[in-house]
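As they're listed, the protein sequences go chains W and E.
In terms of the numbering used here, the first sequence opens at residue 1 and continues consecutively.
In terms of the numbering used here, the second sequence opens at residue 1001 and continues consecutively.
It cannot be assumed that every hint is accurate.
Residues from chain W that face chain E, not an exhaustive set, calculated with beta carbons under 8 Å [stated by the list, open to error]:
#1 S61
#2 Y127
#3 K128
#4 V129
#5 F154
#6 L155
#7 N331
Straight-line C-alpha distance at most 30 Å; calculated DSS-like pairs for lysine-lysine [claimed, not checked]:
#8 W:K36 x E:K1147
#9 E:K1057 x W:K328
#10 E:K1068 x E:K1127
#11 E:K1160 x E:K1068
#12 W:K257 x E:K1057
#13 W:K65 x E:K1057
#14 W:K34 x E:K1057
I should point out that these hints are in silico values taken from the structure, not numbers from a laboratory.
By construction, the Cβ of each residue, glycine as well, lies at the ideal position given by its N, Cα and C atoms.
Single-letter residue listing:
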Amino acid sequence: MIPKRGQIELTFNWIYILIAGVVILLFFIGIVVKQKASSEQQLSSDVLRIMESIFTGAGVSEKTKNSIDASSLGEYVFYFQCQEGVGEYGVAGTGNRVQDAIAPLFSPAELPGARLSLWSLPYKLPYKVIDFLFVTSENTKYYLLGEAEFATEFLAETTPDAGVQFRLNVQSITDPELADPGQNFQVRLVDFTNILVQDGLPVPSRLQSLDDTKVTAVAFPSPNHVDYYQKEGMVWKKRTPNPLPIVSLGGLRDAAKYAAIFAGNEEIYTCNMQKAFRRLQYVTEVYTEHKLPELQAYYTILHPDIGDSKPDCPSSCAELPDSAAAIKSLNEQLRLNCLTLY
Amino acid sequence: MKSRRAQLHMSETIAVLFIFFVLVLFGLLFYYKYQQVAVKERQEELLAARAMDTTLKVLFLPELICSKGEAEPEDNCFDLLKLRSVNEIFKDHLEDYYFNIFSYSTITVYQVYPETGDTWVLYSKTKPEFTRVEPTYFIVSLRDEIKSIGEPHYGFGVVKVEVYS
């Protein structure tokens, strides 16, 4: 009888230890799982915070070229979008995101965790309005088609820079069939001829195996207009019913034109340009409502016969370049003998 | 004798469980305190980063910078012709635009040379019931084109950017 009771006690003790052990183990496993999820969330939030800070720095100082090594975040994909004047970027699959209604940021719709290249250029109309920030990655391939002056400039500007390790994956080709995706994440064709990429034309054969969203193209029907295309099955599908105007004064380092190439699609382009136009309104107010009257008052004392005319504001974006060119010309004339507006 | 041994055994088990839970409680308490400190440190870090970002944005504002036609603008220089009245534009578009740039902060420029005592509050939006203020200072040159005929007149100033949390 006694050994039987002893046996029961022993068995009970083991069962008790087992249950308690399992409960304790589950408790710690729960903590570890929670901690893991929270760490991942924390990491993506930290990454975005750092990115935001880098974008701010790169975005405000004009003509800067930066390279960020984000290859350790290889498993993450960053997404970029812009709707109704508000840009958003974040890590796909997590709830973390950054919204920005101010800084125009032109990038493909998706970028993998790789070496990111950042480039900022000032947008001037004719005075500086804001800095455009272009974000792309080393494994986003840009193929330039045609021999336009801008293509040569684009190639020269994006040549690897030893100083800052700034590198864009750009290649000039004469035939679209030479486009090869290689190990790249996505491919963008930039057609300066406006005949090689057209609605319904077949996508270069070596790009046909890629996902539709990974093959895009831009074409310039005129120096101041751009069309966006995307691969749809085996052919190109035009995304813009009418060519989008490039509102700029042209010349070297035309920020609006570069933006058209770096923007993933027409939505990202137009939405970010809207941000710039909004800022233009306020910067123009500084010049027309405040600086110009002060200059006029100054010169009225020196030359009482001077008028107090104000420049006419254009009624649409299409008229902006003409007005900007007129202001630029007047400013250059002022430079000879007078104080300039900007 | 057996009952006493069983009682002893039971008390032993209870004591072990008690100590175990006390240790777990200690662990949780320690973790909670650590997290509290970490969150506070992180908030301070974020505030400092925001202060730096805001200062950086102010220094390169097209509404303030000293432009030189088509050439690159002068570094760390504010145009007094713009500076004197820019607060009106910031105020007019504070809620719908400039708050997105400067958030809860106060931006003041003090002229330190020549000593005129001039101060310009460019932007001010204080956070209701703020707990901390992080001030950042930066030296800038102040360009006044209409003060003297011929060459622009330059002075020195300090930009003070205070951010609230």
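Checklist entry - With 8 Å as the cut and Cβ atoms as the points, is F154 of chain W at the interface with chain E? => result Check failed: Cβ of F154 of chain W comes no nearer than 21 Å to chain E, outside 8 Å.
Checklist entry - Under the criterion that the straight-line Cα-Cα distance not exceed 30 Å, is the pair K1160 of chain E, K1068 of chain E satisfied? => result The given pair, whose Cα atoms are some 25 Å apart, holds under the 30 Å limit.
Checklist entry - Are the Cα positions of K65 of chain W and K1057 of chain E separated by 30 Å at most? => result holds (18 Å)
Item to check | Agreement of hint Y127 of chain W with chain E interface, Cβ distance less than 8 Å | outcome: holds (6 Å)
Checklist entry - Taking 8 Å as the limit, does the beta-carbon of L155 of chain W come near enough to a beta-carbon in chain E? => result violated (23 Å)
Item to check | Pair hint outcome, K1057 of chain E versus K328 of chain W [Cα-Cα no greater than 30 Å] | outcome: The given pair, whose Cα atoms are some 26 Å apart, holds under the 30 Å limit.
Next on the checklist: Check the hint pairing K1068 of chain E with K1127 of chain E against an upper bound of 30 Å on the C-alpha distance.
Outcome noted: With Cα atoms ~37 Å apart, K1068 of chain E and K1127 of chain E exceed 30 Å; violated.
Item to check | Agreement of K34 of chain W and K1057 of chain E with the hint, judged by alpha carbon distance not exceeding 30 Å | outcome: violated (38 Å)
Item to check | Interface hint status, N331 of chain W versus chain E (Cβ within 8 Å) | outcome: Holds: closest Cβ of chain E sits about 6 Å from N331 of chain W, inside 8 Å.
Item to check | Restraint satisfaction for S61 of chain W [CB to CB of chain E, less than 8 Å] | outcome: Nearest chain E Cβ about 6 Å off; hint holds.
Checklist entry - Given K128 of chain W was flagged as interface, is its beta-carbon under 8 Å from a beta-carbon of chain E? => result holds (5 Å)
Next on the checklist: So if I understand the rule, the pair passes when the alpha-carbon distance is 30 Å or less; does K36 of chain W with K1147 of chain E pass?
Outcome noted: violated (63 Å)
Of the numbered hints given earlier, the model fails hints 5, 6, 8, 10 and 14; all others are met.
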